[in-house]
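> Single-letter residue listing:
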Amino acid sequence: MDAKMVDFGGWDMPVNYGSQIDEHHQVRRDVGMFDVCHMRVVDVKGDGVRAYLCYLLANNADKITLPGKALYSAMLNPSGGVIDDLIIYFMTEQWFRIVVNAGTADKDIAWMKQQAATHAPKLTITSRDDLAMVAVQGPNARAKVWQVLPQTKTATEGLQNFQAADCGEYFVARTGYTGEDGFEVMLPKEKVEAFWYALNKVGVKPIGLGARDTLRLEAGMNLYGQDMDESVGPLESGLAWTVDLKSERDFIGKAALLANPPTRKLVGLLLLDRGVLRGHQQVHCAQGIGEITSGSFSPTLEKSIALARVPKDVQVGDTVQVAIRDKMLAAKVVKYPFARNGKGLI
Amino acid sequence: MSNPSNLKYTASHEWVKIEADGTISIGITQHAQELLGDMVFVESPMVGRKLKAREECAVVESVKAAADVYAPVAGEVVAVNSELDSAPEKINDDPYGAWMFKMKPDHAADVAALMDAKAYQAVVDREAH
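So the protein sequences, as listed, match chains G and W. Read in my numbering, the first sequence has 135 at position 135, and its numbers run on one by one without any break. Here my numbering = 1-based position in the second sequence + 1000.
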């Protein structure tokens, strides 16, 4: 597989194998696979793991009670900034699995251990460096995984969206970062090469980081380090839906969020003029200046789209001006996601 | 794909074709389009604009990045290929056919002094290491 490689947080990662746009459509229309071995799996085990996660995370771990059920959450610092975004899987009352971003993994684990030391000293927190991860995404993804791993079919065909099954060596989750159906498969490192080539043999094409980025942007999913980081809170990052401020539950960062109501918000932009929206371009709105956090060309819409952090009173339907080089180009504020499940939504 | 030997080249990855009427056509090389990937937008200079040598005058944007295109020599823009507005992917499909703009050079000698295909290939090879 002839790929163009790039350094991504210390990992040599494929940007694209052939045409990035073709790879994007391949996932929206059929199936593709992503080498996501850089993502870090962390197992948290022991008595009181649920209570610990309820305190550690902005989303409420009490929402997941069905075995295998997953929850997306931000992990905040005491000032309400985002340390990382992650997915937790409830397996048993003694075991939750967490998948964190590559670039933040070491920082995350150190933070988790530090919090456990004071709040849940008996828990064990293990970085599963022995595991690899492959995401198989697209309308035909599940069928292809079952073709290659028929032994997992019984345990995984009844999975809801955002639910996983532990099938011995293979941990199969119906999650992803593309806005399409599919599985993320965690498996022993020594098995990943054979799994990858077996998928390729049944027609699953490899997809690079480039298409991964346009797929997640169309799906309206944040990229850590770009759409949010430790300097900005989840309420200004389009993640209010994942933050539970109503219940009595205390969690790290809650007091700061309550004390500092958001003044900005994340919105979608659709470029009306010709050009391409990119990260860090200034967005001039009637209420003030904002900034694009992620921008690119949407292969599904065949237009340029972006996520932008703007003053909170900017409304869907407003027209704003984006400074691109020496020009000001018109863009419309839209509700995102921009595309999911094979279809444009704008 | 090898770089055509009848063209001239710049270190910033433009190719230059000397036309029969003394004007030059400018595009980006195979190497440049391959690095950038799928093209989605081209911004051409205005016809009539006077350019200095190595002045930024056009932009190509792929899905992944934007790149400036530079005037290979001093001169005036005499035509732009508006076909690329609606079909920027032609740069990927046929980089040496998809000219972006034409110039009337101030001095023909400046064009003659640009790199030939062999010298340009050496630039590309050096970048790869």
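No lab work stands behind these hints, which were simulated from the structure alone. Since we're looking at a predicted model, the values are computed, not measured. The C-beta atom is built at its ideal place from N, Cα and C for all residues, glycine as well. A few of these clues could be false.
[Unchecked claim] A few chain W residues facing chain G, derived, Cβ under 8 Å: (1) D1038; (2) V1063; (3) K1064; (4) D1093.
[Unchecked claim] Chain G stretches covered by chain W per the calculated footprint, using a threshold of three residues with CB under 8 Å from any CB of chain W: (5) 16–27; (6) 270–282; (7) 285–299.
> Compare the structure with each hint and give your call.
Going through the hints against the structure:
{"no.": "1", "hint": "D1038", "result": "holds, 5 Å"}
{"no.": "2", "hint": "V1063", "result": "holds, 5 Å"}
{"no.": "3", "hint": "K1064", "result": "holds, 5 Å"}
{"no.": "4", "hint": "D1093", "result": "violated, 11 Å"}
{"no.": "5", "hint": "16–27", "result": "holds (count 4)"}
{"no.": "6", "hint": "270–282", "result": "holds (count 4)"}
{"no.": "7", "hint": "285–299", "result": "holds (count 3)"}
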